[in-house]
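Let's have the full structure, built from the sequences with the hints guiding it.
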Amino acid sequence: MKKYIILGLVALLMSSCAEQITRLAQYPKMYEEKPLTIAVMPPINQTNFVEAKDYFYTTLYAPLCEKGYYVYSPMMTMEMFQAESAYDAELFIEGNLSQFRNVLGADAAMFTIIKSWNRNKIGGSLTAGVEYILRSTKTGETLYRREGLISVDTSINSGNKGLFGALVDLAATAINTAATDKVVAGRKCTLYVLSDMPEGKYGAKFDQDQNMPAGKSYVKATVR
Amino acid sequence: MKKLILSALCVMAMTSCETQKSLYSWYDSEDATYMYTKRATEETLAKAMAQYEKVISKQEGLRKVVPPGVNAEYGYLLCKAGKKEEGLTLLRAEIKAYPESEKFISRIINQLEK
Numbered sequence: 028m029k030k031y032i033i034l035g036l037v038a039l040l041m042s043s044c045a046e047q048i049t050r051l052a053q054y055p056k057m058y059e060e061k062p063l064t065i066a067v068m069p070p071i072n073q074t075n076f077v078e079a080k081d082y083f084y085t086t087l088y089a090p091l092c093e094k095g096y097y098v099y100s101p102m103m104t105m106e107m108f109q110a111e112s113a114y115d116a117e118l119f120i121e122g123n124l125s126q127f128r129n130v131l132g133a134d135a136a137m138f139t140i141i142k143s144w145n146r147n148k149i150g151g152s153l154t155a156g157v158e159y160i161l162r163s164t165k166t167g168e169t170l171y172r173r174e175g176l177i178s179v180d181t182s183i184n185s186g187n188k189g190l191f192g193a194l195v196d197l198a199a200t201a202i203n204t205a206a207t208d209k210v211v212a213g214r215k216c217t218l219y220v221l222s223d224m225p226e227g228k229y230g231a232k233f234d235q236d237q238n239m240p241a242g243k244s245y246v247k248a249t250v251r
Numbered sequence: 331m332k333k334l335i336l337s338a339l340c341v342m343a344m345t346s347c348e349t350q351k352s353l354y355s356w357y358d359s360e361d362a363t364y365m366y367t368k369r370a371t372e373e374t375l376a377k378a379m380a381q382y383e384k385v386i387s388k389q390e391g392l393r394k395v396v397p398p399g400v401n402a403e404y405g406y407l408l409c410k411a412g413k414k415e416e417g418l419t420l421l422r423a424e425i426k427a428y429p430e431s432e433k434f435i436s437r438i439i440n441q442l443e444k
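Protein chains in written order, with the numbering used here: chain A, 28 to 251; chain B, 331 to 444.
None of these hints come from the bench; they were simulated from the model. Because the structure is a prediction, the values reported are computed rather than measured. Heads up, some of the hints might be wrong.
Calculated pairs, DSSO-like style, for lysine-lysine (alpha carbon to alpha carbon, straight line, at most 27 Å) [stated by the list, open to error]:
hint: 1; chain 1: B; residue 1: Lys384; chain 2: A; residue 2: Lys228
hint: 2; chain 1: A; residue 1: Lys209; chain 2: B; residue 2: Lys368
hint: 3; chain 1: B; residue 1: Lys414; chain 2: A; residue 2: Lys94
hint: 4; chain 1: A; residue 1: Lys228; chain 2: B; residue 2: Lys433
Here's what the structure looks like:
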């Protein structure tokens with residue numbers, strides 16, 4: 028029995044470490060530049076969901092703070108971006124970012140491109156597809172880039188069998204999916220995708236997470 | 331020996347799955363600011379401000395300090411609501427807690443003091 032437990036644990040450890048690239052190898056410039064302050068840019072919205080830009084913006088702030096970075100107040104920066112004609116991040120995503128360093132003192136700017144944001148009432152899911160790009164305001168280099176397509180499972184399974192049970196679950200799933208705010212998918216997407224981002228100065232693992240595993244540059248997952 | 335190996339493997343397996351405690355306590359501030367962004371009314375603003383107060387006064391996260399930007403954002407809203415002195419005090423508190431914010435926050439303070 029002990030043999031099986033040991034074998035199981037070894038297999039678990041091996042599988043969790045297999046073919047994993049370290050954060051240092053995946054994001055070397057994050058460790059070179061060690062950005063502290065991040066300006067979150069207004070998202071670039073490529074979907075038909077027009078409110079996505081403003082709604083998604085609110086999902087970025089807390090997760091980046093939790094990663095140990097100084098993140099400028101989203102409300103104040105958004106007002107400033109609107110006043111200074113910087114609301115369209117498309118104009119800056121490949122351009123010179125020195126003005127954000129000069130005006131805000133930001134070391135880096137976080138750009139996001141919302142590629143999809145859908146609600147599937149029948150299947151019971153909310154899905155957000157977003158690319159995250161962190162660029163240095165000093166060198167213009169891309170420090171971090173990762174894209175995710177994250178689905179939130181909103182299906183209901185009551186456990187009732189038979190046709191009636193299936194119909195009840197179908198109706199409950201549709202109601203639950205319709206009642207769940209779309210922003211939930213955006214939040215889950217940000218949390219999931221940024222989970223492998225190296226930590227900033229205020230993080231508990233700042234400058235100690237070089238050997239921790241980084242995720243794939245494109246990630247697709249379903250979460251509850 | 332076998333016992334030792336088994337214990338070590340268990341510890342390694344457990345640590346690889348450990349979850350990290352939050353750096354900050356956010357309470358319902360994320361929801362409240364989202365609702366305010368979605369529909370800016372006096373009611374949603376009051377709810378957002380109440381959450382900011384809670385985040386500022388009650389921190390139980392790992393760092394036990396107010397998260398970046400919260401003093402500034404709440405102070406800015408207070409200034410806009412006519413509580414200028416109280417608001418400016420919070421904006422200055424942001425610089426004190428996070429000196430890296432000085433460039434931006436000083437600019438805002440200067441604009442508000444005009």
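Status of each hint after checking the structure:
Note on B/Lys384 and A/Lys228: the hinted pairing holds, with a Cα-Cα distance of about 25 Å set against a maximum of 27 Å. Between the alpha carbons of A/Lys209 and B/Lys368 the distance comes to roughly 12 Å, so the proposed pair stays at or under 27 Å and holds. Between the alpha carbons of B/Lys414 and A/Lys94 the distance comes to roughly 32 Å, so the proposed pair goes past 27 Å and is violated. Only pairs whose Cα atoms come within 27 Å are accepted, and A/Lys228 paired with B/Lys433 is accepted, the gap being roughly 19 Å.
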